[in-house]
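Asker: Chains as they are written, first to last, in the UniProt record's numbering: chain A, 1 to 147; chain B, 1 to 143.
Among these hints, one or two may not hold up.
With a straight-line cut-off of 20 Å between C-alpha atoms, the simulated EDC-like cross-links for lysine to aspartate or glutamate are [as the list claims (entries may be wrong)]:
| no. | chain 1 | residue 1 | chain 2 | residue 2 |
| --- | --- | --- | --- | --- |
| 1 | B | Lys17 | B | Asp128 |
| 2 | A | Lys18 | B | Glu117 |
| 3 | B | Lys41 | A | Asp126 |
| 4 | A | Lys133 | A | Asp102 |
| 5 | B | Lys129 | A | Asp102 |
| 6 | A | Lys96 | A | Asp81 |
| 7 | B | Lys141 | B | Asp96 |
| 8 | B | Lys101 | B | Glu140 |
| 9 | B | Lys12 | B | Asp23 |
| 10 | B | Lys101 | A | Glu95 |
| 11 | A | Lys83 | A | Glu3 |
| 12 | B | Lys6 | B | Asp128 |
Stretches of chain A that chain B covers, calculated by requiring three or more beta carbons in the stretch to come under 8 Å of a beta carbon on chain B [unchecked claim]:
| no. | segment |
| --- | --- |
| 13 | 12-26 |
| 14 | 74-81 |
If the Cβ cut is set under 8 Å, some of the chain B residues that face chain A in the computed set are [what the hints assert, rightly or not]:
| no. | residue |
| --- | --- |
| 15 | Ser20 |
| 16 | Arg32 |
| 17 | Val35 |
| 18 | Val36 |
| 19 | Val109 |
| 20 | Met113 |
| 21 | Ala116 |
| 22 | Phe119 |
| 23 | Pro121 |
| 24 | Gln122 |
| 25 | His124 |
| 26 | Val125 |
| 27 | Asp128 |
| 28 | Leu131 |
| 29 | Ala132 |
The set of hints was computed from the structure by calculation and includes no laboratory data. Quick reminder that beta carbons are idealized off the backbone N, C-alpha and C, glycines included.
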Amino acid sequence: MVEWTDFERATIRSIFSKIDYDDVGTAALSRCLVVYPWTQRYFGNFGNLYNAAAIQGNPMVAAHGKTVLHGLDRAVKNMDDIKATYAELSVLHSEKLRVDPDNFRLLADCLTIVVAARMGADFTADVQGAFQKFLAVVVSSLGRQYH
Amino acid sequence: MSLSAKEKVIVKDFFAKVSSRSDEIGAEALARLIVVYPQTKSYFAHWKDLSPNGAPVRKHGITVMGGVYEAVSKIDDLAGGLLTLSELHAFMLRVDPVNFKILSHCILVVLSMLFAEEFTPQIHVAVDKFLALVALALSEKYR
Numbered sequence: 001m002v003e004w005t006d007f008e009r010a011t012i013r014s015i016f017s018k019i020d021y022d023d024v025g026t027a028a029l030s031r032c033l034v035v036y037p038w039t040q041r042y043f044g045n046f047g048n049l050y051n052a053a054a055i056q057g058n059p060m061v062a063a064h065g066k067t068v069l070h071g072l073d074r075a076v077k078n079m080d081d082i083k084a085t086y087a088e089l090s091v092l093h094s095e096k097l098r099v100d101p102d103n104f105r106l107l108a109d110c111l112t113i114v115v116a117a118r119m120g121a122d123f124t125a126d127v128q129g130a131f132q133k134f135l136a137v138v139v140s141s142l143g144r145q146y147h
Numbered sequence: 001m002s003l004s005a006k007e008k009v010i011v012k013d014f015f016a017k018v019s020s021r022s023d024e025i026g027a028e029a030l031a032r033l034i035v036v037y038p039q040t041k042s043y044f045a046h047w048k049d050l051s052p053n054g055a056p057v058r059k060h061g062i063t064v065m066g067g068v069y070e071a072v073s074k075i076d077d078l079a080g081g082l083l084t085l086s087e088l089h090a091f092m093l094r095v096d097p098v099n100f101k102i103l104s105h106c107i108l109v110v111l112s113m114l115f116a117e118e119f120t121p122q123i124h125v126a127v128d129k130f131l132a133l134v135a136l137a138l139s140e141k142y143r
């Protein structure tokens, strides 16, 4: 069981209440596809991903970014059992989508960097610590059902 | 994964642009390293004050950032240019190379925080590659 301090719970809730899901989701996924181009292998049917400008303007990337961010919401609402919350999604990513689980970590890093940009000075070291701990639990839960 | 000529220009231009705040970047990045990755404190057990905003941490962050800028100036031959620093890290400091990745991540977060508009995905990927190559050059003399 993951132990969350009061500060961590409050921080996660606060961050997710303040960010624009559509903006952050799109920015994080498109950044991931630009910074770690091998992740594009999972989006063969998304059309034009030929350069950074194309990726950032691609409507399918935008839509999927939003889907991912809204998916994170479930963990925010169930911080005490993220593992169970994502059991099905983990199976989906493993069996059907066949995503290398290391990619979850790459996307999490991009999400951290996007949230840091949005929050500026409010993204203190302690806030970063809480956010990265939350994402680490999410990443671990998504990789849990792989075998 | 090596830097293209275009990426070298991107890296040099970006670091030149943010150079007036390089001390702040270094201090913040090291403070975050200590707080977010507490295991890194093991390398600084000899400091009396390990608080993230204390003088030793901030001073050392400035030193480290100075090293990053030295690497920028030697971007065309990192392995050769950072030889002395590599020997220092390999034989004296013996910092596990996994920590170079962690510190690089902290630097990227701070750059994103302080320069949200300028730190576009294109600049992000060039700087990320550069920091990875710096880490590689620092690991040169390890074994």
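Asker: The structure should be examined with respect to each hint, and the outcome stated for every one.
Answerer: Evaluation of the provided hints:
For a cut-off of 20 Å, the pair hint linking B:Lys17 to B:Asp128 stands: about 17 Å separates their Cα positions. This hinted pair checks out: A:Lys18 and B:Glu117 have alpha carbons roughly 19 Å apart, not beyond 20 Å. Note on B:Lys41 and A:Asp126: the hinted pairing holds, with a Cα-Cα distance of about 15 Å set against a maximum of 20 Å. With a C-alpha separation of about 16 Å, the suggested pair A:Lys133 and A:Asp102 falls inside the 20 Å cut-off, and the hint holds.
Annotation: proposed proximity of B:Lys129 to A:Asp102 holds, straight-line Cα distance about 18 Å (limit 20 Å). A hinted pair counts as satisfied when its Cα atoms are at most 20 Å apart, and A:Lys96 with A:Asp81 does not qualify at roughly 24 Å. At roughly 13 Å between alpha-carbon atoms, B:Lys141 and B:Asp96 fall within 20 Å of each other, so this suggested pair holds. Distance restraint check for B:Lys101 and B:Glu140: the Cα-Cα separation of roughly 15 Å lies within the 20 Å cut-off, and the hinted pair is therefore satisfied.
About 17 Å separates the Cα atoms of B:Lys12 and B:Asp23, which keeps this hinted pair within 20 Å; it holds. Proximity of B:Lys101 to A:Glu95 is assessed by CA-CA distance (about 30 Å); at most 20 Å being required, the pair is judged violated. Proximity of A:Lys83 to A:Glu3 is assessed by CA-CA distance (about 13 Å); at most 20 Å being required, the pair is judged to hold. Under the criterion of a C-alpha separation no larger than 20 Å, the hint pairing B:Lys6 with B:Asp128 is consistent with the structure, at around 14 Å.
Counting residues of the segment 12-26 of chain A whose CB falls under 8 Å from any CB of chain B gives 0; the rule of at least 3 is not met. For the segment 74-81 of chain A, the stated coverage by chain B is not satisfied: 0 residues place a CB nearer than 8 Å to a CB of that chain, which falls below the threshold of 3. Checking B:Ser20 against chain A: minimum C-beta separation of about 17 Å lies over 8 Å; hint violated. Taking 8 Å as the C-beta cut-off, the interface hint given for B:Arg32 holds, the closest approach to chain A being about 5 Å.
With a cut of 8 Å, the hint placing B:Val35 at the interface with chain A holds, because the nearest CB-to-CB distance is about 4 Å. At its closest, the beta carbon of B:Val36 sits 4 Å from a beta carbon of chain A; the interface hint therefore holds under the 8 Å criterion. This hint holds: B:Val109 has a C-beta 5 Å from the nearest C-beta of chain A, less than the 8 Å allowed. Hint status for B:Met113 relative to chain A: holds, with the closest Cβ pair at about 4 Å, below 8 Å.
Evaluation of the B:Ala116 hint against chain A yields a held restraint, the C-beta minimum of about 4 Å falling below 8 Å. Given hint, B:Phe119 at the interface with chain A, holds; its Cβ is 7 Å from that chain's nearest Cβ, closer than 8 Å. The beta carbon of B:Pro121 is positioned within 8 Å of a beta carbon in chain A (closest approach about 4 Å), and the interface hint is therefore held. Because the smallest distance between the Cβ of B:Gln122 and any Cβ of chain A comes to about 5 Å, under 8 Å, the interface hint for this residue holds.
Given the 8 Å rule on beta carbons, the hint for B:His124 holds: about 5 Å separates it from the nearest Cβ of chain A. Given the 8 Å rule on beta carbons, the hint for B:Val125 holds: about 4 Å separates it from the nearest Cβ of chain A. Interface restraint check: B:Asp128 against chain A, minimum CB-CB distance 6 Å, threshold 8 Å, status holds. Hint status for B:Leu131 relative to chain A: violated, with the closest Cβ pair at about 12 Å, above 8 Å.
The interface hint given for B:Ala132 is broken, as the beta carbon of that residue sits about 11 Å from the closest beta carbon of chain A, more than 8 Å.
Violated hints for the displayed structure, listed by number in ascending order: 6, 10, 13, 14, 15, 28 and 29.
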